[in-house]
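A.B. asks: So you can see what is in the structure, the chains are spelled out below.
Protein chains: 2
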Amino acid sequence: METDFLYRQIADPIEQQILTGILPTGTKLWSLRTLSREYGISQNTALNVYYYLEAKNLIESRPQSGYYVKYSPIKKVQQASLPSPRAVLADDSYWVHSVYQNIGQDHPLAMAHPGEALLPIAKLNKALIQASRSLQGSGVLYEKPEGNAELRKQVARWSFPLREDEIITTHGCLNAISLCLLSLTQPGDTIIVESPVSFGMLQVAKSLSLKIIELPTHPEYGISLLALERNLKKRRIAACLFIPTFSNPLGFCMSDEDKWKLVQLCEKYQVPLIENDINADVHFGKKRPKSCKSFDKSGIVLWCGSVSKTLAPGYRVGWVAPGRFYHEVLKTKIQHQISSTSITQEVIAHYLRTGRYEHHLRKLRVSLQAQLLHFQKAIADYFPRSTKVTSPQGGFTIWVQLHKDLNTLEIFEQCKKYDVSFAPGALFSLQHLYSNCLRLNFSLGWNSEVEEKLERLGEILKKA
Amino acid sequence: METDFLYRQIADPIEQQILTGILPTGTKLWSLRTLSREYGISQNTALNVYYYLEAKNLIESRPQSGYYVKYSPIKKVQQASLPSPRAVLADDSYWVHSVYQNIGQDHPLAMAHPGEALLPIAKLNKALIQASRSLQGSGVLYEKPEGNAELRKQVARWSFPLREDEIITTHGCLNAISLCLLSLTQPGDTIIVESPVSFGMLQVAKSLSLKIIELPTHPEYGISLLALERNLKKRRIAACLFIPTFSNPLGFCMSDEDKWKLVQLCEKYQVPLIENDINADVHFGKKRPKSCKSFDKSGIVLWCGSVSKTLAPGYRVGWVAPGRFYHEVLKTKIQHQISSTSITQEVIAHYLRTGRYEHHLRKLRVSLQAQLLHFQKAIADYFPRSTKVTSPQGGFTIWVQLHKDLNTLEIFEQCKKYDVSFAPGALFSLQHLYSNCLRLNFSLGWNSEVEEKLERLGEILKKA
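Chains as they are written, first to last, in the UniProt record's numbering: chain V, 1 to 464; chain L, 1 to 464.
Hints are supplied without guarantee of correctness; some may be wrong.
Treat identical chains as interchangeable: a pair holds within one or across any two.
Said to hold, decoys possible - SDA-like, lysine to any residue: derived pairs with alpha carbons at most 20 Å apart: (1) Lys-297 / Gln-270; (2) Lys-144 / Gly-115; (3) Lys-297 / Glu-166; (4) Lys-144 / Pro-108; (5) Lys-206 / Gly-188; (6) Lys-206 / Ile-338.
It is worth saying that the hints were derived from the structure and are not from the lab.
Here chain V stands alone, though its shape is the one from the complex (with noise of 0.2 Å):
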């Protein structure tokens, strides 16, 4: 674990200049021989500087000639979005069937989730076994409708001190925003949200005949919070509903200070605020951003989170700590579907207690940044000249904005044929916006074949 360290500790800056192009693609690196002379480190740890650096695609090595830089700088899509303020009613319109239809598991760029090669799927057969033999009749029986005790402990352990009795568990992420929603509006009622959004979210607002009122939201920094204000004042809001850490699609984390100010606004106007935290654990930074609920002292957020896009997707198991809200959240619960799946709460309890998760997340947070790093080189490379691209600091996803008259929903017809895939912009807001954005998945295991795919589809666009 020192050498862990001290590796960390000397390349972290060299990443740094990497990224800021103080380093530009190209430059050669010291030797291992003079790396290690001049931090007066072994050529082990030396070695392990450059292994690191290398393994997240931002140098090569090449051989008889030394370590060498390879990153290509990229556009930022830079400017906050602009939605019209109005309340939308989340109906069929936006909602682009057939679109959907073909984003599946056949179309992975089109996800918001890792590949399989991410997920330890072994281990967690593993400890599947051993929850079968650790837990009370085996899974068979009836979870409380709270949740697996052990879990909830871990989850309130995990992010920050909430008691265990703080916490419900759920089957999954959107299961738990569902359950907030249900719990919280009326068909008819207003939410707000960021804009562009998570698809997901518009359509559990549809299903429950929401209003949605969308936030002018910065790709770096996050919503606006004078809108939000704004907002708040002049109506009625029911709840909002946000990913203020690592949102998906834009990937942007906002500050501490921005995150207690949304949770002060949402306490002044006695506004629900649902936080989706399910991106936080996929860090780039060196540490896990503290959520909005971190800073709620009156109960006013609902923090919702799950394992299903770093661990166990299948497995179906979130959770959601209500605040004040508890006892609306889990009647809510008990009615529409009693308990969660008893066995695949008592293993994820199991991976926390061990420090298994973290252990995964370490090397995943790694390989994700790794991969993310590999596509903005190859929109770089293959994506028309004008194009600009996010740099979501922790996730899954990278937003793509090209030239404003392509338009994204026409260009996924034509891409069918050739087998690749994306989320266009359309589908992220209910105004008609982002129709020249597309979203891609960048968790999926950097090999030819993507990046191939890729490369078709920079040519697809450079013609269009």
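On the provided structure of chain V, position chain L as indicated by the hints.
C.D. replies: For chain L alone, kept in the frame of chain V given last:
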């Protein structure tokens, strides 16, 4: 199997004679020798006849003496319910919260599912390990929204000829019903249910702000089709929601003819019929009764089921065949939970495919019927003389009707200190009916502790 068949041929008519009182309690039965001579069967088969009747708690063997009838005839609930024809908004007024809080794992007499001892936990555990090997990705990956293909195939094969692509798996039967109601109704809409009705149905309706019409219902023949048509004629009904086979709490099974008529009515007035068929596998007669779905030519029936009550409550595996509403229900599932737990679906698919489920059910049915008879006898022995009970033809619950001045909500409170519980009748209606009734779960495994509890309950009722 030949012997199996033979002893049932002889035992069944004797059973009928006992149940109808032709052979009263205390009657000495033929000796094994006489029985084998009269029927021309082996003494071994004769022994099987008496073993079978003894397992059902209909006869007892007295040492050195022979076999005697020991069944106590019961007074049956025979009058149909008469709820008012008005539509009542499902709200908190009916919701006796403190009662529900006390209904839980510690009060199994109040529930409606089998005790742990009746579930094949060890065998399911083995199947779980097999499933984790056979399923691609060991259940870690997302299942398709429509669910595990093998499970859908087996469910389709199981009860009647449906195609697997007509079925969507769900997170249990209540979740299936919830998805149907979310797809078919808007708040303020009216649905029709039987009366008394399982409070689970009232709860999900409450969560969705639905109005409820309760139909007059006969404890043996089921809902009044006349009353149903009157209502369908009079106003817009968003859906019918019934348990036509072994209803909870009454245990009736509607005749094939009435089920056919019910489907015709729904078709005539174009009102979707949500059929809760969760109890149909637990039939005390020879065959699984036909479902309404089997009479459905036009897709007006949404057929819901699960293995939560017969095999593995904690697995949360259920399904719905939504007929012509397939796409709406699938969309609703995606909107609220994406997909169901992968691994538990695979285990149940195995269990169905290999015939182990049918094997398990054969034993379960005999055990449950024996326990029902134990309960009916204990009620006849210990409860006040005027007590009437239902004679369920399947399922898990028995409905007890006491003297009209008794209030089971009050008695429920008194019972707390005696560690006895039940589900008070008031929970089963929105119209302040059934305050002199209660529901018991007879599926707990009969033993002296359960008998003692019923004796204690009987004493409390006699005092009250």
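A.B. asks: Hint by hint, note whether the structure agrees.
C.D. replies: Consistency of the hints with the structure:
Taking the closest pair of Cα atoms, Lys-297 and Gln-270 come within 20 Å of each other only inside a single copy of the chain (13 Å); across copies the shortest separation is 51 Å, beyond that limit. When the C-alpha separation of Lys-144 and Gly-115 is checked against a cutoff of 20 Å, the pair qualifies only between copies, where the shortest distance is 15 Å, while the shortest distance within a copy is 32 Å. Taking CA atoms no more than 20 Å apart as the test, Lys-297 paired with Glu-166 passes inside one copy only; the shortest distance there is 13 Å, against 49 Å between copies. For a Cα distance limit of 20 Å, the shortest separation of Lys-144 from Pro-108 across copies, 13 Å, qualifies, whereas the shortest one inside one copy, 35 Å, does not.
With identical chains, the CA atoms of Lys-206 and Gly-188 are at most 20 Å apart both within one copy (10 Å) and between copies (18 Å). For the identical chains of this complex, Lys-206 and Ile-338 are inter-copy neighbours only, at 15 Å across copies versus 24 Å inside a copy, given an alpha-carbon limit of 20 Å.
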